[in-house]
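Both chains are given apart, each in its own frame, so use the hints to dock them into the complex.
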Amino acid sequence: MLSILVRRIANIIPTLLAVIALVFLLFSVLPGSFISGMNEDGRSTIDPAVMERMRKEMGLDDPLPERFAKYVARTAVGDLGTSFRTREPVTSMIGARVWPSLKLVFAAMAFAICVGVTLGFVAALKPGSLVDTLSMVGAISGLSLSQFWFGLMLMYLFALQLKLLPSFGYGDGGLRHLILPAVALGVGPMALLARTTRAAVVEVLNADFVRTARSKGMSERLVVKWHVLRNALVLVVTIVGLQFGSLMGQAVVVEKLFAWPGVGSLLVDSVFQRDMPSVQGCILMIVLFFLVINTLVDLAYVVIDPRIRYR
Amino acid sequence: MRKLVSLAAAFVLAGVAAANAQETPRKGGTIRMTAPYAASFGSLDPQATPRAQDDIVGKALHRTLYNWDTAHSKLVLELAKSVSVSPDGLVYTYKLRDDAYFHNGRKMTADDIIYSYTRIMDGTKGYPGARYVRLIKGAADVEKGTAKEISGLKKIDDFTLEMTITDRVDPGYYFFSGTTAILPKEEVEKGNFAAHPVGLGPFKFKEHIPGSRVVAERWDKFYKPGKPYADKLEVLIMADAAARDIAFRNKEIDTSILGPAQYVAYRADPELSKDILEVAEMFTRAMQFNPSFKPFSDKRVRQAINYAIDSDLIIKRLVKDKAYRAVSWLPPSSAAFDKTVKPYAYDPAKAKKLLAEAGYPNGFEFELTTSQNESWGLPIVEAMIPYLDKVGIKLKPKLVEVTVLTEIAMKGDHQAFIGSNLTGPDSLATLRCYYSKTPRTACNYTSFNNPQFDKLLDSAAQEGDQAKRNDLLRQANNLLYEEAPVWFFNYNKAVLARQPWLHGLQANPTEITHQYPEDIWVDATSPAK
Chain D
125 MLSILVRRIA NIIPTLLAVI ALVFLLFSVL PGSFISGMNE DGRSTIDPAV MERMRKEMGL
185 DDPLPERFAK YVARTAVGDL GTSFRTREPV TSMIGARVWP SLKLVFAAMA FAICVGVTLG
245 FVAALKPGSL VDTLSMVGAI SGLSLSQFWF GLMLMYLFAL QLKLLPSFGY GDGGLRHLIL
305 PAVALGVGPM ALLARTTRAA VVEVLNADFV RTARSKGMSE RLVVKWHVLR NALVLVVTIV
365 GLQFGSLMGQ AVVVEKLFAW PGVGSLLVDS VFQRDMPSVQ GCILMIVLFF LVINTLVDLA
425 YVVIDPRIRY R
Chain B
167 MRKLVSLAAA FVLAGVAAAN AQETPRKGGT IRMTAPYAAS FGSLDPQATP RAQDDIVGKA
227 LHRTLYNWDT AHSKLVLELA KSVSVSPDGL VYTYKLRDDA YFHNGRKMTA DDIIYSYTRI
287 MDGTKGYPGA RYVRLIKGAA DVEKGTAKEI SGLKKIDDFT LEMTITDRVD PGYYFFSGTT
347 AILPKEEVEK GNFAAHPVGL GPFKFKEHIP GSRVVAERWD KFYKPGKPYA DKLEVLIMAD
407 AAARDIAFRN KEIDTSILGP AQYVAYRADP ELSKDILEVA EMFTRAMQFN PSFKPFSDKR
467 VRQAINYAID SDLIIKRLVK DKAYRAVSWL PPSSAAFDKT VKPYAYDPAK AKKLLAEAGY
527 PNGFEFELTT SQNESWGLPI VEAMIPYLDK VGIKLKPKLV EVTVLTEIAM KGDHQAFIGS
587 NLTGPDSLAT LRCYYSKTPR TACNYTSFNN PQFDKLLDSA AQEGDQAKRN DLLRQANNLL
647 YEEAPVWFFN YNKAVLARQP WLHGLQANPT EITHQYPEDI WVDATSPAK
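In the order they appear, the protein sequences are chains D and B. Each residue of the first sequence is one higher than the one before, starting from 125 at the first, in this note's numbering. Each residue of the second sequence is one higher than the one before, starting from 167 at the first, in this note's numbering.
The following block holds chain B by itself, in its conformation from the complex (with noise of 0.2 Å):
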């Protein structure tokens, strides 16, 4: 008995090791990365685009104050090694790294974070960064042209920096944006910085060939020790869903991001369904409807539509189950989702009785403005009429290409409209487009105006224990649940392929392409040379 149990234990034990040996990242090779979302990158100047597309090379070649941590869901300092908060949570002082080199020899200092966010807050350029950046003190004077350095940037020598901001907010959620990326003043002022990008990330810029790829080379004075373990990144540029499926299958590409077809293909498939990724991305999708419509006006009319529909249904049959079924606005990896909330059911029934409550027993029609997209588009608005049709709603598609969308939703165009939005990471952000005074410009789409849900958030905005600021979002987040300014459809299931020979992947919620490729293997099976 004993020697069966020793023979168990050295098995166990020899397991283990093949394990971590297998585990092990290996030094060197090539990692195949694909850009699935254009024909062509906008532009390797960072702060200049602020494209999922582009920030797929962004992440290579360049660094942010902060970064996401997916293995725990949380900002953590990147360039920085650490930071020290004043008492009225106003004022950050940060201990930036001694030990990061741009990909032109020299030390990062806090120089090169003051000339960053100066330049993306020059007025006349409009750099999207601008968003993040006007929270710092000062900033929006630089916009504006009445000052030339941001007031709230003070460097104390050149690896310390304070920052004074202007709202109680963590600054991590405005600074992992690619769009703060760091760059180096001496390369930007040459010219033409999009065609030769100089940055702080794990590789170095080598190639690029537009509407083709992005060639880039290990950084070897990259901060992190013993990273990157690739010699070299490829990221190459693959608009074509069924093209990329053909090049994944030959092994000519290391990662494929899966759409709903694929996705049933790849499961079923014995091979290729052991190397899926899989992660519930900070994009609810949600048809929101204008008060200006009367109808919707009326919270029992949207909670009717809200019952009316089987979102479950149309989830598994028409996307394929590449999707979480929402339940509020906020998605599950928030800190502020309530996990006791349960989706609207699909209840007809009650559905009915809520329009003839409202003084609409018998119906009424409305037009929703769609795209074509197959997750959250006209396949799924057609998907929607029988159940609306079932209550008496009769629906009226109507089509716009996307580009179109966003505008129509600003201008409130629309008696309804159906689409993605993002998010996350930050809850107070992604919840203050309910809040009265964000403008339909900014993304309060809805018009959305509650008094209790405003006083939510002022509370929780200036609530700097973090636990109770949580609390205070989820109660708002659940108050938008009840009062539903929109049909809660679903929050994207984001799945990518990876080879078996590829390791070190994260399931990153904010966006699955957006990998930190330091922490990428391949191992010697791969057949990139």
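Only chain D is shown next, with the shape it has when bound in the complex (with noise of 0.2 Å):
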């Protein structure tokens, strides 16, 4: 197990170094910088001599290749910079955005493997019935939903008529204000893993093995429960684990939408503006999170089906 630790964390560091250079060179080619978009909206005014004294400030006067040595340079060393917006160091702009979004990515996930993973195994036991045929439509929905749209209407529904949540923000980090974006968010990979739990159920309901079990004359429920679930679970775990992954990335609609104070917002609003450093090490962060979600994942291939093996 430490040895694939090692291997997969070995892999991880090329990874990134190949987003970081992407990142860099995408945002250098870019029309626009973070100075000529200080007057966004037309609301500001703009004194060229401080322009060309913040360019300098910023170093984006200098050339392409020694800004990018410079960066790769701060980045292995945990330094992310300065934001150009702020003028504080990024690591603790986006310290202070990582729990907020950690809190949003595991509520949607949570609710997404709760509902989608029982809906696909109901779904799954009793094939053809209302109940699949009710679970598969709202799966399918749920797919094709837009998330902003979706928000909206969670929004309408259970804060403007029944009063029943809060329509927006953080508050104080509670439950009620994390259940609408966290449904909002969490409706895409609840209907993928509906419908993926409902294929890799009905399969394994098909294989040899299950029908031996049922021969040898198991009841039903430990049939499920021994051979069908642990098995299913392979590719629902992986499943899981891409969306778990790419969910911190996929939140910046919704973190906009609700105001809340996670890395996607303050994404959204680094892009717009041209603050660079920011944009750099909000990306970063959430690739890292999606290849240590991804790491997990394999790690939990080892335990829920130990013939798997890496090499």
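Hints are not guaranteed to be accurate.
[To be verified] Think about it this way: if two alpha-carbon atoms lie no more than 30 Å apart in a straight line, the pair counts; the simulated DSS-like pairs of lysine-lysine are:
# : chain 1 : residue 1 : chain 2 : residue 2
1 : D       : Lys-194   : B       : Lys-577
2 : D       : Lys-194   : B       : Lys-398
3 : B       : Lys-351   : D       : Lys-180
4 : D       : Lys-227   : B       : Lys-440
5 : B       : Lys-564   : D       : Lys-227
6 : B       : Lys-460   : B       : Lys-564
7 : B       : Lys-310   : B       : Lys-577
8 : B       : Lys-193   : B       : Lys-440
Simulated from the structure, these hints should not be mistaken for lab results.
Here it is as structure tokens:
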């Protein structure tokens, strides 16, 4: 297990380097700069002399290779630079956003797993039934929904009409404020999990070893518990892992809509204002989260199915 | 009959008394304002950020030498009790307030103003307020690094400050900007000031959850007796208009800035329409012509475009009346605005005639650089196309991100562009964008060069009498109207919806979200704790 872990971590490093290079180059060729972005919406005025000075201070006039080399050297020691916009260290800006983001992503995934896997299981155990049809209609709808529209509908129903939950904001960081954004973010993975679980369970239910277990006289409950559940879980865990990893990036829309103070909303603002150090830091954070979750999923395979071995 | 009159009088008096009782500000409660322009604040260090979003909080936590008085549409002293001006109009002697306390309990003195302005001129930092402080004699030397102190700032005593300026202008226009807020040296030098801002404002910083909200508490030592009224102020970040609408209707926020679509819905609602605050903000939306593109070097072509487009109809149908027709470059709130001037009429026949006279009887084709903005971007450009087509002009839109628009305008890398421009409150500074010596990078995007205009502006800058100065600026503004270096489209109508329990909001034409929160109060019907 330890060697697997070491190998996986070693794989993360070149991936991160590639991402750093890609993001850096991409934003270097994009038109617009932080300084011109200060006049977004025509509500600010920029003084050319100040602009010039700021460009110098931020190192924007330095040659691209020099900037890139400096950036990689700083990142290697954990320094993500200073935000153009706030003049604060990017690490502390991201640090303040990580916990709300993690809370949102974990809550969304918990919702997706609880509802999606349950729906998928129930549907697979009773194929063709009303439950199956309704679950799959729900799953397909969930996959097709726009997070933005669904989020607004949740706000409208649960906040404005039913007065059950607050429509936006972080509040005290508690459950009441978390529910709506988590459901809005989790509905996509929930739908995907429902479909995947159903497909995986149906496949395992038709497998030879399940037929054997049944022919041995094992009760249906035990067949499902010992044979179906465990074998279907490998595929489900793969989807969970992939969805989990990418949720941090997907949270951008939901965080902005619900004014949730996560990494996603920081990224949106940073992109629009061309705050390069902050953009790079946020993307690095999101990619790192994806890679860590995937490593954990790889390790989980070994626990779930001991037959799986990595070379 | 006498009885009837007495009864009527009693009713009137009772009504007045009731109205007065209702208007008596209530102490306590929480104000919940919204910050709608981005998903986070840039910085809570007011000197480090020029963004409108950040100054919403800035107005609560910090103070500047001058304030904008919305009720009288003028600048007023804020951190000084009085000011005397030398006969040449260049030396200002301020008697500062001796009752202004920073949130750390220390009294403000002249040293704090000198420190703050000197910090802004730190040439290695590029603070946005440097453009204003540069007005003070010797400030530019500090910026260049050739001096450590601003020679034009002299402390007479703790509460008397002498300021020598380089131009004969009203320094109020320069020192009311949030980027020139007065900060306490000892707090700034502790480091990480933006995380723990300390100012002179009516509210004291309590909490900042980046990307969510700023919470501030009443500052009991605020220098205006009895103010602020509220115990607490929350500034909630709500960048999405649809979400803000739901939160407002759900009574979770006290103010909401409205876009064109919401403006229509709110006006149609019998309840919501009662509490809408509207103001012509000092932003002029216009298509600016680049004279290096040959057709636009001819005044008749530029005038023809102004005649060719039915701006009123576009404002009515597309902008949903959430704008005022632009008559000239200066907005109506400017003292130099000429109320007798009428906007260019919609007259395609006249437009065609002018084009023919200019040598373009069959029109021409040009590229218009635009952003996506709903009030002055692509939707407007799309509406312009058929009007221009009617007079033979083919318009090709080129869409860019709003961040890029300014850069393109500065480089002159366009034939024309459409944007929103800050046009107040300082009319002289606004019109200087058309002064021949103002570079394109500074704001002369149309490379305007007119000796008569320059002369009017030079005379205005030298004129000490405010009325005469305004008259000269009025003439310059009218000349601009005649020369039409832009297609005058609209002035922004800023619309702020407020909850019925929120009182004391000001229709601030410099930026409607910038409220002085010490004047705002909530009545007992507010659901906020």
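These are the hints, each one checked on the structure:
1. D:Lys-194 to B:Lys-577: 29 Å, holds
2. D:Lys-194 to B:Lys-398: The given pair, whose Cα atoms are some 45 Å apart, is violated under the 30 Å limit.
3. B:Lys-351 to D:Lys-180: 26 Å, holds
4. D:Lys-227 to B:Lys-440: Cα-Cα ~40 Å, so violated.
5. B:Lys-564 to D:Lys-227: Violated - the C-alpha atoms of D:Lys-227 and B:Lys-564 are around 42 Å apart, more than 30 Å.
6. B:Lys-460 to B:Lys-564: Between B:Lys-460 and B:Lys-564 the Cα gap is close to 19 Å, so the pair holds against 30 Å.
7. B:Lys-310 to B:Lys-577: 25 Å, holds
8. B:Lys-193 to B:Lys-440: Roughly 24 Å between the alpha carbons, so the hint for B:Lys-193 and B:Lys-440 holds.
Of the numbered hints given earlier, the model fails hints 2, 4, 5; all others are met.
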